[in-house]
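The task is simple: from the sequences and hints, build the whole structure.
If you're matching them up, the sequences are chains A and B in order.
Going by the UniProt record's numbering, 352 is the number at position 352 of the first sequence; the sequence numbering is gapless.
Going by the UniProt record's numbering, 65 is the number at position 65 of the second sequence; the sequence numbering is gapless.
Careful: at least some of the hints might be erroneous.
[To be verified] Straight-line alpha carbon distances no greater than 30 angstroms define the calculated BS3-like cross-link-like pairs of lysine-lysine that follow:
id, chain 1, residue 1, chain 2, residue 2
1, B, LYS284, B, LYS193
2, A, LYS112, B, LYS119
3, B, LYS319, A, LYS18
4, A, LYS188, B, LYS10
5, A, LYS193, B, LYS10
6, A, LYS335, B, LYS57
7, A, LYS18, A, LYS335
Quick caveat, the hints were computed from the structure, so don't treat them as lab data.
These numbers were taken from a predicted model, which means no experiment stands behind them.
Protein chains: 2
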Amino acid sequence: MEVPPPEELKQPLVVPYKLLMGPGPSNPPPRVMNALTHPILGHMHEEMFQIMDDIKKGIQYVFQTKSKLTLALSASGHSGMEAIFSNLIEPGDRVLVLVNGYWGQRASDIAKRHGAQVKTLVQIGDTFSIITIDNAIQTFRPKLLFIIHGETSTGVCQPLEGIGEITKRYNCLLAVDTVASLAAVPFKMDAWKIDVAYTGSQKMLQAPAGITPIAFSDRAQHVIFTRKSEVPVYYVDMKILGRQWGCFDSSRTYHHTTCSSLLYALREALALAVEEGLENRIEKQKFCAQKLYEGLQNLGFEFYVEEEYKRLPSVTTVKVPQGINSNEVVAYVMKKFHIDIQGGLGPTAGKVFRIGIMGYNTTPEKVAIVLEALKDALHNCRKSKF
Amino acid sequence: MEVPPPEELKQPLVVPYKLLMGPGPSNPPPRVMNALTHPILGHMHEEMFQIMDDIKKGIQYVFQTKSKLTLALSASGHSGMEAIFSNLIEPGDRVLVLVNGYWGQRASDIAKRHGAQVKTLVQIGDTFSIITIDNAIQTFRPKLLFIIHGETSTGVCQPLEGIGEITKRYNCLLAVDTVASLAAVPFKMDAWKIDVAYTGSQKMLQAPAGITPIAFSDRAQHVIFTRKSEVPVYYVDMKILGRQWGCFDSSRTYHHTTCSSLLYALREALALAVEEGLENRIEKQKFCAQKLYEGLQNLGFEFYVEEEYKRLPSVTTVKVPQGINSNEVVAYVMKKFHIDIQGGLGPTAGKVFRIGIMGYNTTPEKVAIVLEALKDALHNCRKSKF
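Listed below in structure tokens is the structure:
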């Protein structure tokens, strides 16, 4: 053997427990983690199809949609962006992206890679008004409007109600990234006339990362089936993938080998959402976010998103106080308390702390723990500077 | 709520155990399944980077390569194809694909979607000679030659030695799909001058599906960094993804949220390969395949790939005997014995049975079990016809 067996792999795997209070992933509950260990099933087994059907129903519930073309992509959250542009956009098509942070920037990057003419409206850390959106659509006449509902880099939550009516008026598709917002705030795909939405598994849904719920409206489905060119990315080609998921009135055909372990975990995560009820979960989120806001204010933090109604209750951003190095605080909290909080990302890098309360960690106790840790960190990290 | 909580998700999740003796996935060993339940880590945590480094070393060992640009894609095996064409091919580039079954057909489909001029050499169920390959490259002058090492749809194993020398002579990149062959037969990425290779996690490597080891040679890396157009698929853009995996001499930057559970499982699967040793595993595979061949011959089966040296030892294809319906046999074996074997796929649909011996199931005992089941099925399914 030219390349000998590496010594590192002769050592045991050691994974410490950490309390994940950043912008995701979060710690899943035991029922979800246990589901990972169920025996592997083949991707075309009857029992697997049953589980996939359960998942489809669960996604329809959490998205509040009756869309038939509903499934989970075997990839991490941002693959949802890739799936949207790959399926709905052809070279030369116009795309309007509302950018209020890092994820809007990435969406615009991916749309360009798919040959779209991209126009962005940029308001980092703020929301967009209906009038701004209406004007932009009227002028630019995009085929698709892309919105990040909950922007984890800035902690902004973009209101969605009323936008669907505008896009319909101009025959524009409405695409929404709900990776960090779903099940934290209300979301009604059908009632709000949204054409395609996806979410993250590893945040409010409390499953591991790597599996991405997505749903396309009938209108979006029609666009896919009448497009002129082939979908460029086979891995997310809904015409083929939808057949494996039994989304069309045709027999199931093979597209790819799904990860049954992740599907079990997602199924159980969705079952927990059903058990708890979306309304209750959203109520709990609001309550815990309030507790966090109060605590952060008491510690003297200033909010990056000043107006409370514009804040995403799952990820709170506060400004890094004068005389404090954000990296130092993040490292301190990790080292001393084994708690994950994060600094900024993209446009907020170095400027904010991002504190997440998600899924299984959405409890007043966890909020109290992270506040205690921050208090200690502020005290000790400030001290070290003077 | 317009879409009420679905009743199906109020039922408990039930997953039966099945012995997976088809073309993959296979049953992972307990150590790998247990690894799935370790606590979730953030994708940018130090401990995660350590595990990713271990994985990189493990992939370098099983591929026998020193390539720096070595990592695991957060997606199922065929995403390896997408990564190859997306990173190495620009519109108009020429690609030559050796098609000896379904997977070669898919590779050619994906290459076309990426704008390549594709030429295929087709020999379903057979291997290609060095002379055929040399002539085709000399005439067509492709930028990249794509080969399926182990074709699960037909059970053919394409010899690779000597091809790298030819491709180098014509300044052509050599890409190899080892999804079903790696760790079943020898594979030497560097010694055989292969520029890019990927494999499946859920087959010989004995991990769950959904995480795909891939490595690019320095030559391939150079092509990626000097291409004119942007890599069209962000999700597999090696220039960015490679930074998260620490493949370049630069600090790590975020690309996507990895699934830590799958990375733990892959790490342990690679540790088992190190522990056992590649040579021993390949020897064991040969031994078990021999046992299977003998047993199938005793049952009166004819091999789809007549010459034994052309067979892939992890997936054996035998012709469906006269008077037998392959679907009936597959269903019978599943129903009575809870064993997964498969019928044909693509060009072999309805024509063959595909019996896999992979990873943890590569034992003489498992071979004996599947042979017993087949014997019973042949007897009972034939009887039902007359």
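The hints, checked one at a time:
Taking the CA atoms of B:LYS284 and B:LYS193, the gap is about 26 angstroms. The hint holds against a cut of 30 angstroms. A distance of roughly 29 angstroms separates the Cα atoms of A:LYS112 and B:LYS119; the hinted pair therefore holds under the 30 angstroms criterion. Between the alpha carbons of B:LYS319 and A:LYS18 the distance comes to roughly 53 angstroms, so the proposed pair goes past 30 angstroms and is violated. Proposed proximity of A:LYS188 and B:LYS10 is supported: the alpha carbons are some 22 angstroms apart, at most 30 angstroms.
Distance hint between A:LYS193 and B:LYS10 is fulfilled; the C-alpha atoms sit about 28 angstroms from each other, no more than 30 angstroms. Distance restraint check for A:LYS335 and B:LYS57: the Cα-Cα separation of roughly 27 angstroms lies within the 30 angstroms cut-off, and the hinted pair is therefore satisfied. Proposed proximity of A:LYS18 and A:LYS335 is supported: the alpha carbons are some 10 angstroms apart, at most 30 angstroms.
When the structure is compared with the earlier hints, a violation turns up for hint 3 alone.
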